[in-house]
Amino acid sequence: MWRWQNLQDYAYPQILAQRAAYPDKLIALSLEWNIPGHEHCLVGIISHDGQAISDFEYMFDRQDRDTSRNLPKQNGGHHCLSLARDREAGHRDAIAAAAWLQANHRYTSWLIPAHPERLRSYDIVHFRDLNNAAPDVAFGFEGIPGHQKATIRGDYSLQADGGGTFGGAGYYVAKVGGVWDALLGEGRVWSVFANSDFHNIDRDFWPGEYAKNYTFVQDKNGDGQICLEELVAGLRSGNSFCVLGDLINALDFYLQGRDGALAFMGQTLKVARGEGIKIIIRFKSPAFNHHHDPVRVDHIDLIAGKISGKVSPGNKRAYRQATNRSSRVIARFTEADWREDEAGWKTIEYYLERVSQDMYFRLRGTNLGLGVKGETDEEGNPLRDSLRAASANGPEAAAWADLWFYSNAIFLDVQGSSH
Numbered sequence: 003m004w005r006w007q008n009l010q011d012y013a014y015p016q017i018l019a020q021r022a023a024y025p026d027k028l029i030a031l032s033l034e035w036n037i038p039g040h041e042h043c044l045v046g047i048i049s050h051d052g053q054a055i056s057d058f059e060y061m062f063d064r065q066d067r068d069t070s071r072n073l074p075k076q077n078g079g080h081h082c083l084s085l086a087r088d089r090e091a092g093h094r095d096a097i098a099a100a101a102w103l104q105a106n107h108r109y110t111s112w113l114i115p116a117h118p119e120r121l122r123s124y125d126i127v128h129f130r131d132l133n134n135a136a137p138d139v140a141f142g143f144e145g146i147p148g149h150q151k152a153t154i155r156g157d158y159s160l161q162a163d164g165g166g167t168f169g170g171a172g173y174y175v176a177k178v179g180g181v182w183d184a185l186l187g188e189g190r191v192w193s194v195f196a197n198s199d200f201h202n203i204d205r206d207f208w209p210g211e212y213a214k215n216y217t218f219v220q221d222k223n224g225d226g227q228i229c230l231e232e233l234v235a236g237l238r239s240g241n242s243f244c245v246l247g248d249l250i251n252a253l254d255f256y257l258q259g260r261d262g263a264l265a266f267m268g269q270t271l272k273v274a275r276g277e278g279i280k281i282i283i284r285f286k287s288p289a290f291n292h293h294h295d296p297v298r299v300d301h302i303d304l305i306a307g308k309i310s311g312k313v314s315p316g317n318k319r320a321y322r323q324a325t326n327r328s329s330r331v332i333a334r335f336t337e338a339d340w341r342e343d344e345a346g347w348k349t350i351e352y353y354l355e356r357v358s359q360d361m362y363f364r365l366r367g368t369n370l371g372l373g374v375k376g377e378t379d380e381e382g383n384p385l386r387d388s389l390r391a392a393s394a395n396g397p398e399a400a401a402w403a404d405l406w407f408y409s410n411a412i413f414l415d416v417q418g419s420s421h
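Residue 344 in the numbering used here sits at position 342 of the sequence shown, and the numbers go up by one each step.
These are calculated hints, taken from the structure and not from any lab test.
Just so it is clear, the structure is predicted and the values come from calculations on it, not from any experiment.
Errors might be hidden in some of the hints.
Said to hold, decoys possible - Below are the DSS-like pairs computed for lysine-lysine, each with C-alpha atoms no more than 25 Å apart in a straight line:
1) Lys312 <-> Lys177
2) Lys27 <-> Lys177
3) Lys348 <-> Lys286
4) Lys272 <-> Lys308
5) Lys222 <-> Lys27
6) Lys280 <-> Lys375
7) Lys308 <-> Lys318
8) Lys272 <-> Lys312
9) Lys318 <-> Lys280
10) Lys75 <-> Lys177
11) Lys177 <-> Lys375
As the list claims (entries may be wrong) - Across the chosen pairs, the derived CB separations fall in these ranges:
12) Leu372 <-> Ala289: 40 to 48 Å
13) Ala30 <-> Ile203: 22 to 30 Å
14) Pro209 <-> Ala98: 28 to 36 Å
15) Arg298 <-> Pro209: 24 to 32 Å
16) Asp343 <-> Gly316: 33 to 41 Å
17) Gly396 <-> Gln417: 52 to 60 Å
18) Arg298 <-> Asp68: 51 to 59 Å
19) Arg319 <-> Cys229: 42 to 50 Å
20) Asp68 <-> Gly165: 17 to 25 Å
21) Gln220 <-> Pro25: 43 to 51 Å
22) Asn134 <-> Ala333: 28 to 36 Å
23) Asp51 <-> Asn134: 24 to 32 Å
24) Ile228 <-> Pro137: 39 to 47 Å
Here a beta-carbon is modelled for each residue, glycine too, at the ideal position from N, C-alpha and C.
Starting from the given sequences, assemble the full structure and let the hints guide the process.
Structural data, given as C-alpha cells:
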C-alpha cells in the first residue's frame, strides 16, 4: 500500500475515531514529509477529510514512486544528474510544494523543516526560499529536535551541522548570531519549535513529556472554543515558546512603548526615533517537573540584533549569508533581578533609552550557570552535548539535568530609521 492510500483510507479514519474518544483535544493529521532535495519536514493540512494531505504526499513526497493517479509528480524524481544537481532539482520541487500549500491551504497548513542540521540537508538559502514561496505556511523550523534521550542527543552526530546539539538545541538556534538570528535580522517572523519525534521508549521521550511548545491561541470566531484553524493561526503568529524539562510553564514577553502600545512575540512595536521602550518578561515554573525534580531557572538572557531588511535572492552573496554579527546578549537576569508575586509569576522589567534602529529581541533561559563544565561556556552559551561527560545514570538523566527554553522574537520598528 502506498503512503498516500494509508493517509486517506486508514490514518484519517483513526483521527476521526480519536477525536470522538477525546472531544476535549485538538487532533490533526500530519506527516513527516520526505522533502525533495532535503531530509524531513513536518507538514499538516486541516481539512474535512484526508484527501488534501493524501494528494500532497502523492505529488511531492520524495519516496512516493506511484504514478497511478491523474496528478502531477514533483517529488525530486530526477535521474542521471550529479548529486549536487539532483539536490538542486529536488529543492525546486520542494519550493513548488510549498507554493502549492500557500495557494491551496494558505491558512490551514504548516511546513516546518525537521532536524535541519542532522544531515546538513538544509541551509539558510533553503529557509529563505521556503518562506518567500509560502510565507503563511513555512514560518519556522524545528530548532530543538526530538530523540533527546538518545545516547547521541537528538541523533545529531559529529557530522551534523555544528557537530551535534547544544543543550538539546540545534546549532542554528543555539549559536547567537547564527542562522536563526540571520533570518530574524531580515525581519522575518521565523519561529523555533521543539519536537519529540517519538519512535520508541528506549531513546525518545513521549510527546510532551520533555519537550513542549506553548502557543497563544485566540478564539477568533467567538464561539467559546478553540478550533484547529485557530491553533494554526497561533502557530503562524509567532506568539509561542518552546521549553525542555518544564523549566518554565508560562511566559509573557512583550515590548511597551511610551504611549502604552504593546507588542508580543511575533508582533512589531512601532516607535519614534529617540523614544525609549520597556521590555517586560513574566514567567512561571512548576514546583517539580515531569521527572519529579525541583525546578529553578538560573538565569535568562535577553538577546537582540539589528534588522537590516529582507534580502533579495538576486543578491546572491547576501542571500547566502548565514550570520548576523549584530546579535548579542544585551542583558542577563538572575533571581536578584526579578520579583515574584503570590501566584508564582516572576517579573523582570528592562528599559532601553532612545532607540534609533530597527531591532528584534528574543529570550533564552536555563537551569545552568555560567562556566558549568561540559555544559556552558563562560558567557553562558550551551556547549556541544558530545563534550559532556557521560552521566552515570544514562542519557535520560543527563537530559533532565540540562534544561533550556527559547522564546520567539519581538520586532521593533523605529520610524525614520535607515534600514
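Exercise for review: Take the C-beta atom of Arg298 and the C-beta atom of Asp68, compute their distance, and say whether it sits inside 51 to 59 Å.
Suggested key: 53 Å, holds
Point to revise | Outcome for the supplied range 39 to 47 Å, where the beta carbon pair is Ile228 and Pro137 | key: 24 Å, violated
Check your understanding: Falls inside 52 to 60 Å, the C-beta gap from Gly396 to Gln417?
Key -> The hint (52 to 60 Å, Cβ to Cβ) holds, given that Gly396 and Gln417 are roughly 54 Å apart.
Check your understanding: Range hint 17 to 25 Å: satisfied by the CB atoms of Asp68 and Gly165?
Key -> The hint (17 to 25 Å, Cβ to Cβ) is violated, given that Asp68 and Gly165 are roughly 38 Å apart.
Review point. Within a Cα-Cα threshold of 25 Å, do Lys75 and Lys177 meet the stated pairing?
Key: Violated - the C-alpha atoms of Lys177 and Lys75 are around 38 Å apart, more than 25 Å.
Review point. Falls inside 22 to 30 Å, the C-beta gap from Ala30 to Ile203?
Key: Check passed, 24 Å falls within 22 to 30 Å.
Exercise for review: Take the C-beta atom of Asp343 and the C-beta atom of Gly316, compute their distance, and say whether it sits inside 33 to 41 Å.
Suggested key: Distance hint for Asp343, Gly316 is violated at roughly 52 Å.
Point to revise | Given pair status - Lys286, Lys348, alpha carbons within 25 Å | key: 6 Å, holds
Review point. Is the hinted pair Lys222 and Lys27 satisfied, with a Cα-Cα distance of at most 25 Å?
Key: 18 Å, holds
**Study point:** C-beta pair Arg298, Pro209: status relative to the range 24 to 32 Å that was hinted
**Key:** 25 Å, holds
**Study point:** Pair hint outcome, Lys177 versus Lys375 [Cα-Cα no greater than 25 Å]
**Key:** 18 Å, holds
Check your understanding: Does the Cβ distance between Asp51 and Asn134 fall inside 24 to 32 Å?
Key -> 30 Å, holds
Hints 2, 6, 9, 10, 12, 16, 20, 21 and 24 from the list above are not met by this structure, while the remaining hints are.
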